[in-house]
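Peer 1: The chain contents come next:
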Amino acid sequence: MEVTVEKIAQLVQGRIEGNHQAFIIGPGRIEDAAEGQLSFLGNPKYEPYLYTTQATAVLVQENFKARKPLSTTLIRVPDVYLALGILLEAFDSGLPAPTDISSQVFIDDEAEVDPSARIGPNVQIQAGARIEKGVVIDGQSFIGAQSVIGENTRLYPGVKILHGCSIGSHCIIHSNSVIGSDGFGFSKNGKGEFEKIKQTGGVVIGDNVEIGANCTIDRGSIGDTRIETGAKLDNLIQIAHNVTVGKHTVIAAQAGIAGSTKVGSHCMIGGQVGIVGHLEIKDHTHIQAQSGVASSSKQSGEKLYGTPAISYSNYLRSYAVFRNLPEQMRRIQSLEQEIEKLKIQSNH
Amino acid sequence: MEVTVEKIAQLVQGRIEGNHQAFIIGPGRIEDAAEGQLSFLGNPKYEPYLYTTQATAVLVQENFKARKPLSTTLIRVPDVYLALGILLEAFDSGLPAPTDISSQVFIDDEAEVDPSARIGPNVQIQAGARIEKGVVIDGQSFIGAQSVIGENTRLYPGVKILHGCSIGSHCIIHSNSVIGSDGFGFSKNGKGEFEKIKQTGGVVIGDNVEIGANCTIDRGSIGDTRIETGAKLDNLIQIAHNVTVGKHTVIAAQAGIAGSTKVGSHCMIGGQVGIVGHLEIKDHTHIQAQSGVASSSKQSGEKLYGTPAISYSNYLRSYAVFRNLPEQMRRIQSLEQEIEKLKIQSNH
Amino acid sequence: MEVTVEKIAQLVQGRIEGNHQAFIIGPGRIEDAAEGQLSFLGNPKYEPYLYTTQATAVLVQENFKARKPLSTTLIRVPDVYLALGILLEAFDSGLPAPTDISSQVFIDDEAEVDPSARIGPNVQIQAGARIEKGVVIDGQSFIGAQSVIGENTRLYPGVKILHGCSIGSHCIIHSNSVIGSDGFGFSKNGKGEFEKIKQTGGVVIGDNVEIGANCTIDRGSIGDTRIETGAKLDNLIQIAHNVTVGKHTVIAAQAGIAGSTKVGSHCMIGGQVGIVGHLEIKDHTHIQAQSGVASSSKQSGEKLYGTPAISYSNYLRSYAVFRNLPEQMRRIQSLEQEIEKLKIQSNH
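Quick note, the sequences are listed as chains A, B and C, same order.
The first sequence begins at 1347 in my numbering and counts up one residue at a time.
The second sequence begins at 1347 in my numbering and counts up one residue at a time.
The third sequence begins at 1347 in my numbering and counts up one residue at a time.
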């Protein structure tokens, strides 16, 4: 795709300062963009690059004031990130989807597949599964018995959806994620050995959910594991049996949530966070990366940090002292010596 | 499956209080069960739900005393969880297995496959591999040269077993786990670059082992990585080269064990735990979630917590003070001021 | 392979003390090697095993002095690990590669595949992809549109390379890793819902890079994610959009690096480390396992530990006090009591 700056400004309702007729072939970052690329200035800390960038044009906030002369063309917009999103959408092609249903698939006669679905080679779909309108299933994926894939959802190559799971519409599930693996449930017998408890529940995923690559979302033991509408999960995340992740909650990579915990809506969970089982995390909770949450949150909107997690600001205050603990120890030793001296004096 | 409460009570040798002839169609959790479902009361904290549940029947401990009137039918049993296990086994169908050996597989002529094995489409089995009686290999899995899959073991879709690995009997390996990837071994050359050390060992997995989804178990560099009989591993776990995981040890999701460490039997390792290499962890050790174990354990039965991990109770005691470090700092400052005053006084 | 000790000594230019004509069938560890195996003594803590090992021969350092009588044959070499590497290379066969291009592949007519490439069954290669000389792609892998796999690179079974990614030459990517999944980028709309930002960049991987099993390396949002020449990544690692991992940097299992962070060359990053986004980590930085790096490093060669990470030695010093915080608390209480007594005395 090659378009003029003018055309781009129209797309995002921007105002041009510079060359209206220059050609743009794609997006680039302000610090390393090449000629022909369109860049943007969002975070002010990148402003110095604006004066040296090779980008042909740069999106800036409407009221931005340049402090030095510019050689690039500016496109002023009311919201840089919004404009950028519109442009990326226009430029991006994404992974080419299968054009139809491959002849090299294994679809059970008792599966129901909408004719508008597009399905890549080597996909297997078991009996009783239902693939709805506009679904794209890339090659090498697996859909288990009785599972449902909702309208316009896309499964990237290698996704495994086991039996009895329900995925909403307009979802995206990235490569090699596993939905509906067994929950981790065992009972100990008299010899200290573990015997498997059958995991009879499913996984229910709402609409507009995105799940990253190589995630694992276990089925419920009894009743379902739930990822509610609009939730966004990054890569390598573990969601255990019977967990609920609330609406529009965002979870960063490598976090894990243990069995039966209920996470509210609009939460932000940092990378590598662990949450123990059977807790309740209220709406709008923010959990700092690597924290280990060991008790239910007390009110919505809390910010948590540490292992076990406490309030974010308290953790940082305590950690500031922690960094100086050797010095603090020396002060205590010095106090003890002073006291000894004073005791000797007062005994005279 | 639809059965009467009477039939269920017979299966678990329970005693009915209520409607013997009501129909049960499946299991449900006491807090959200619907009519027609059978639920259970294990953890006493769920007792309030017993008085409001929609479940048609509820399994309770033999000697349970209700404190309010009930509308549900009770089935009294000697061990609720044991009874539940029996019932889930009866209700559960699980992922339908392939009915035979698919025609769309790639089985080398020099692989040995028992005719009772069932193998899904797009499975590849290399030369010298041996698939024993009753094995189920779901679609899209891979078995490398010389690897052995023991009797009645099941590999879920997408499992990759590389060459020279041995999996015991009655094991379960969940989707997209990788067994026998190379250990992470390099030597640094004079230019500070890393050169690969060939990884010549294998992975040996005992009987009755369960391994979750998206795990990685590396082959030994020299000699084998071992997961002993009855061990249970959750999802997204990393087991490095030459590690031994002892019998009946349980490891929660996202834990990682570095090279050559030997974990004893009957240990409980929490989620996101890391254990550094070349350690020895004795039998019956409990390691709290997110701990980082940096030294060998001293005796069996220890409970560990923290990074680096210390005794569980010591960590909690220290952490209790940590949470109040700013307050402690103020007390030290106050002591210093008092001492100054006393020194001035005593100099008079 | 069965060779004499003499032949082995020639391969590694070693000097034999013992039986030149004994036969060696493979490598073994000194602590559990069997007759017919060749072992080595690298780490001196394993020396006791030398006097009891069943190994037929053992590689030792040239100037090693035995302190007890030996029953095994020694092969003295200038560098034990170097010699071992040479021998493992000779003994190892590795996962058998496909012998040619399988007939059961899905290669788009517009993909370019060098005839010397070997490609296993059920591999899919999209339009515009280029597979160079000597590449080995094991079964069940996926190569997206416009992606390039450089000379002699090997992709193990189940690897998914999405579109627009470039992998260098002589790379190894282990099973089920995903390269080019979408970066985790969303913008919040007025209703607190997240809208996907298209991820238009790619992933660029240099030469001689090794990436473990079940890793996830996201494409850049705008511009590319980069793993530079010679970098080595263990299993289950998360690399977010627009990250750069510098040359010859080594990252242990389960570490994660958040978006746009630039890690220098020759760094050592421990297992389960997390690094937040938009940081710069200088060359030769060492980060201890499980650390959480929250700010850019100040100079090259730093050693970091803790969450948030501080200098390694400071963390250990503070942690030593942390372990005794309850005792320290008692000392403060005792000081407070002493002060009270002294104040009373001085008021008399």
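Any given hint could turn out to be false.
The list makes no distinction among identical chains, and a pair is therefore deemed to hold if it is satisfied within one copy or across any two copies.
[Said to hold, decoys possible] List of simulated lysine-lysine pairs, DSS-like, C-alpha gap at most 30 Å:
no. : residue 1 : residue 2
1   : K1608     : K1649
2   : K1628     : K1391
3   : K1391     : K1649
4   : K1593     : K1649
5   : K1628     : K1644
6   : K1537     : K1608
7   : K1628     : K1689
8   : K1353     : K1414
None of these hints come from the bench; they were simulated from the model.
Peer 1: So, for every hint listed, does it hold in this structure?
Peer 2: We went through each hint and held it up to the structure:
Taking the shortest alpha-carbon separations for K1608 and K1649, both the intra-copy value of 17 Å and the inter-copy value of 27 Å come in at or below 30 Å. In this assembly of identical chains, K1628 and K1391 lie within 30 Å of each other by CA distance solely across copies; the values are 20 Å between and 34 Å within a copy. For the identical chains of this complex, K1391 and K1649 are neighbours both inside a copy (26 Å) and across copies (27 Å), given an alpha-carbon limit of 30 Å. Taking the closest pair of Cα atoms, K1593 and K1649 come within 30 Å of each other only inside a single copy of the chain (18 Å); across copies the shortest separation is 37 Å, beyond that limit.
With identical chains, the CA atoms of K1628 and K1644 are at most 30 Å apart within one copy only, with a shortest distance of 7 Å there and 38 Å across copies. For the homomeric pair K1537 and K1608, the shortest alpha-carbon distance between copies (22 Å) is at most 30 Å, but the shortest distance inside one copy (33 Å) is not. Neither within a single protomer nor between protomers do K1628 and K1689 lie at most 30 Å apart by alpha-carbon distance, with minima of 54 Å and 49 Å respectively. In this assembly of identical chains, the alpha carbons of K1353 and K1414 lie at most 30 Å apart only when taken from the same copy (27 Å versus 72 Å across copies).
When each numbered hint is compared with the structure, a violation occurs for hint 7 only.
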